[in-house]
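Assemble the complex: chain A is given as a structure, and chain B must be docked to it using the hints.
One letter stands for each residue in the lines below.
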Amino acid sequence: MNAYILRRLLLAPLVLLVLATVAFALARAVPGGPYDEERALPPAVRAAQMARAGLDRPLPEQWLRTIASLATGSLPSLKSEGLTVAEVVRGKLPTSLFLGATALAVALVAGLGAALAGAHRSGLVDRGLAAGTMAAVAIPTFVIGPVLALALGLWLGWLPVAGWGGFQHLLLPAATLAIPVAARIARLARGALAETAHADHVRTARAKGLGDGLVLWRHRLRLALVPVLAFLGPAAAYLLTGSVVVEQVFQVPGLGTEFIQSALNRDHNLVMGLTVLYGALLIACNLAADLAVAVADPRVRLA
Amino acid sequence: VRVLLLAVALTLAATEQHFIFNNESEPKTLDPHTMTGIVEARLALAQHEGLVALHPATLAPQPGLAEHWTISADGTVYTFHLRDGLRWSDGTPFTAQDLRASWLRALAPATAAPYAELLDPIVGAQAFREGKGDAAAVGISAPDTRTVIVTLARPCGYFLQLCAFHITFPVPLAAIQAHGERWTQPGNARVMGPFVLDRWLPRERIELVPNPHWHGRAEVRLTRITALPIADQDTSWRLFQQGAIHWMPSIPLAKWDEVRWHPGYYVSPHFATYFYRLNCTRPPFTDARVRRALSLAIDREVLTSQILRAGQVPATWLTPAHGDYRPPTGLATDRDAARRLLAEAGYGPGGAPLRCELLFNTSDAHRQIAEAIASQWKAVLGAEVTLVNREWKMYIADMDRLEYDIARASWVGDFLDPETFVGMWVTGGGNNRTGWSHAGFDALLNEARTERDPARRLERYREAERILVEEQFPIIPLYIYVNQGLLADRVRGWHENVRDEHPFQHLWLAE
Chain A
1 MNAYILRRLL LAPLVLLVLA TVAFALARAV PGGPYDEERA LPPAVRAAQM
51 ARAGLDRPLP EQWLRTIASL ATGSLPSLKS EGLTVAEVVR GKLPTSLFLG
101 ATALAVALVA GLGAALAGAH RSGLVDRGLA AGTMAAVAIP TFVIGPVLAL
151 ALGLWLGWLP VAGWGGFQHL LLPAATLAIP VAARIARLAR GALAETAHAD
201 HVRTARAKGL GDGLVLWRHR LRLALVPVLA FLGPAAAYLL TGSVVVEQVF
251 QVPGLGTEFI QSALNRDHNL VMGLTVLYGA LLIACNLAAD LAVAVADPRV
301 RLA
Chain B
1001 VRVLLLAVAL TLAATEQHFI FNNESEPKTL DPHTMTGIVE ARLALAQHEG
1051 LVALHPATLA PQPGLAEHWT ISADGTVYTF HLRDGLRWSD GTPFTAQDLR
1101 ASWLRALAPA TAAPYAELLD PIVGAQAFRE GKGDAAAVGI SAPDTRTVIV
1151 TLARPCGYFL QLCAFHITFP VPLAAIQAHG ERWTQPGNAR VMGPFVLDRW
1201 LPRERIELVP NPHWHGRAEV RLTRITALPI ADQDTSWRLF QQGAIHWMPS
1251 IPLAKWDEVR WHPGYYVSPH FATYFYRLNC TRPPFTDARV RRALSLAIDR
1301 EVLTSQILRA GQVPATWLTP AHGDYRPPTG LATDRDAARR LLAEAGYGPG
1351 GAPLRCELLF NTSDAHRQIA EAIASQWKAV LGAEVTLVNR EWKMYIADMD
1401 RLEYDIARAS WVGDFLDPET FVGMWVTGGG NNRTGWSHAG FDALLNEART
1451 ERDPARRLER YREAERILVE EQFPIIPLYI YVNQGLLADR VRGWHENVRD
1501 EHPFQHLWLA E
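Sequences listed follow chains A and B, in order. Numbering of the first sequence is given in the working numbering, commencing with residue 1 and proceeding in unit increments. Numbering of the second sequence is given in the working numbering, commencing with residue 1001 and proceeding in unit increments.
Okay, chain A solo, but in the shape it has when bound (with noise of 0.2 Å):
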């Protein structure tokens, strides 16, 4: 297992690499530059702007420039006043996480606690769970997170409808994040868990004379996990760099809403770092979540 994640981790720096590439190429191949604006500026000025941010240069040596200043981390975001691109994600990155940590264990807690309840309690409490997480998956975020602002905002007036700063603030947008997350978890799980009640393993640990409930908390709930494990890698990549949707509701100052302003405003250095972290950040979950299968899952074999 250490030779499997080693691999993967000697691997990573030349994924980012390529990922870096195509972000840089993509970046450039779309129309309209960083200084295309409504009012148009006058040639020299623009020249002089170009030239400033380095975009008048051999398109080989810009990347050279940029990859070199991406990997020191003396990359220039092109439309933030002088600040780095590091320094715009050391500002945000922190929110997000919190904001995407805080979501992802309250679904995980949700998702699975209802799974559990599902399973324990067949009949009319599963089907209404699974008419219910049904629902929390196809309704969107964008009309989950100005639904609760209205109703536990406005209407109840029990918290703020947006902004960033208390506790007070954290609740919608992580419910917000987490609904939808903890039904696919809690659907992932019931399957799952539905599957495993006639495992060879639980049989012999009913033969054995154990009861439903530790049978289930024992054996079931385990394998139920994996595809669960499977979900988190990626799911927890996305929480964790922000939702442009959720942090445009409720006025969160967090990475996801960088993902989109630094393409509108073709901020190309800006695009690329955040490319590279988000998928450093992909690669890391990943492999977090393939070895935690393995641990689940006896039976699983990394190579």
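Don't take each hint at face value.
[Said to hold, decoys possible] Between beta-carbon pairs, the in silico distance windows are:
#, chain 1, residue 1, chain 2, residue 2, range
1, A, G54, B, N1389, 29 to 35 Å
2, B, P1252, A, G54, 38 to 44 Å
3, B, R1224, A, I5, 50 to 56 Å
[To be verified] Capping the alpha-carbon separation at 20 Å, the derived lysine to aspartate or glutamate pairs in EDC-like fashion look like this:
#, chain 1, residue 1, chain 2, residue 2
4, B, K1393, A, E87
5, B, K1393, A, D36
6, B, K1028, A, E87
7, B, K1378, B, D1400
[What the hints assert, rightly or not] Counterexamples of contact, computed for chain A against chain B with all Cβ distances above 10 Å:
#, residue
8, L41
9, L93
10, G113
11, R127
12, A130
13, G132
14, A205
15, V215
It should be emphasised that the hints constitute simulated quantities derived from the structure, not laboratory data. These numbers come from a predicted model, not from an experiment. Note that the Cβ used here is the ideal one computed from N, Cα and C, for glycine as well.
Structure of chain B alone, referenced to chain A:
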């Protein structure tokens, strides 16, 4: 308990003079010399002041950093006398030399200020700006610490307006030298305006507090200003309803039917026009008759009364009326004339069918307007119009490279003068973007720019605009915008004006 806390917070906010507004997006810069947008200009107005300030209601020039000024009889020499005892926000004295150095910095090629060309009327400014001349040759001098003399190469009827515009605001050169682009960060920025930057959390909030050394400090009543960069108007509307913000300068248009009944809703004329550009380098739009026919075929009333509905003014002219300027009336809808003109040009029934693309940037309103106009063109002229929707930067790039047939556009006047609307159509102008060129128009524009008599000057602009909207039609004006926003009823000192510009030093909150 939470309700109680909220109540306490609201009471505290009520006694505190903390003005919170939605500035709608993150400013691209806080440097008054390199900014171009409205979002940025709102913050510049808080932090900076020019030689001249504008009256909050009439926008007429009134004393700013200069307490008075004189203009020579030929209109080319402006002598400004600074107020006594002016200080930067850190307490160091402000001198006429500081102002001269700031203007030269705005003009310097290295600054790459988008608006620097507005200062071209000043002797030597254009040469210096283009790197061909010397700073010493620019017609700005500071004979003593309180006098600034500006010499113009030609009279300029709107020069005082420019002295209240952000390209002429003084900036701290020492701080710029020490901090480079980061001079605008809190702590680095020494400013001359009523407020100073206290906190700048990108895409989260910008907070300003009163500048203790501003000359009018005694009259400033707000103790803090918070600008939020909320792009989502629905979110902003919820925050407004919850009482968390005092002003939002736009409204969620999809909720107009709900919003307009709110007591805080306001609507007022705007100094901005919505129009279509025609690509005059592409057949059939090389033919002025085709362009004219397209304009004559449009019923603008349908757009304003059925799609927009908030009091927008259907317009067959470009410049919104203001001050003493009355724009030409343009040509009213005339479908028969439109068909006749098109047939003369060889298109329409009996000729070649008119096929073209209509480019607009992504927005529901732009699409609805484009659909309405395309269907009118279809009905009246038999034109086959394809709608082309582009993301913002692609739309700008297409327009810049003249890769379009017809393109949706809008323009907000920078200062209260017809120059800001009419001047952009000069041959080769950066904002022309139609490829249109007309010697008669250029000549009239040049006369207008150098005319000293105010009435005759406006008459020249009117004549030039008449060529645009009654003869040549490189553009098809559609309507004059309105400002629509929401203002909390506690806000006092608010003055409606066509620029929807509200200097914070005049505002305060009632109990």
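Evaluation of the provided hints:
At about 32 Å, the CB distance of G54 of chain A to N1389 of chain B agrees with the hint of 29 to 35 Å. P1252 of chain B and G54 of chain A have their C-beta atoms about 40 Å apart, which keeps the hinted 38 to 44 Å range intact. Checked against the given bound of 50 to 56 Å, the beta carbons of R1224 of chain B and I5 of chain A, roughly 52 Å apart, stay inside it. In summary, the hint linking K1393 of chain B to E87 of chain A is not supported, as the alpha carbons are separated by about 25 Å, beyond the 20 Å threshold.
A threshold of 20 Å between alpha carbons decides the hint, and for K1393 of chain B with D36 of chain A the separation of about 7 Å falls inside it, so the pair holds. Pair hint K1028 of chain B plus E87 of chain A holds up; C-alpha atoms about 16 Å apart against a cutoff of 20 Å. Distance hint between K1378 of chain B and D1400 of chain B is unfulfilled; the C-alpha atoms sit about 27 Å from each other, more than 20 Å. Here L41 of chain A does not stay apart from chain B, with its beta-carbon only about 5 Å from theirs, under the 10 Å limit.
No Cβ of chain B comes within 10 Å of the Cβ of L93 of chain A; the nearest lies about 13 Å off, and the non-interface call holds. The Cβ of G113 of chain A sits about 26 Å from the closest Cβ of chain B, beyond the 10 Å cut-off, so the non-interface label holds. Non-interface call for R127 of chain A relative to chain B: holds, since the shortest CB-CB distance, roughly 35 Å, exceeds 10 Å. The Cβ of A130 of chain A lies farther than 10 Å from every Cβ of chain B, with a closest approach of about 32 Å, so its non-interface assignment holds.
Even its closest Cβ contact with chain B, about 26 Å, leaves G132 of chain A beyond 10 Å, as expected for a residue assigned away from the interface. Non-interface call for A205 of chain A relative to chain B: holds, since the shortest CB-CB distance, roughly 47 Å, exceeds 10 Å. Listed as a non-interface residue, V215 of chain A keeps its Cβ farther than 10 Å from every Cβ of chain B; the least gap is roughly 43 Å.
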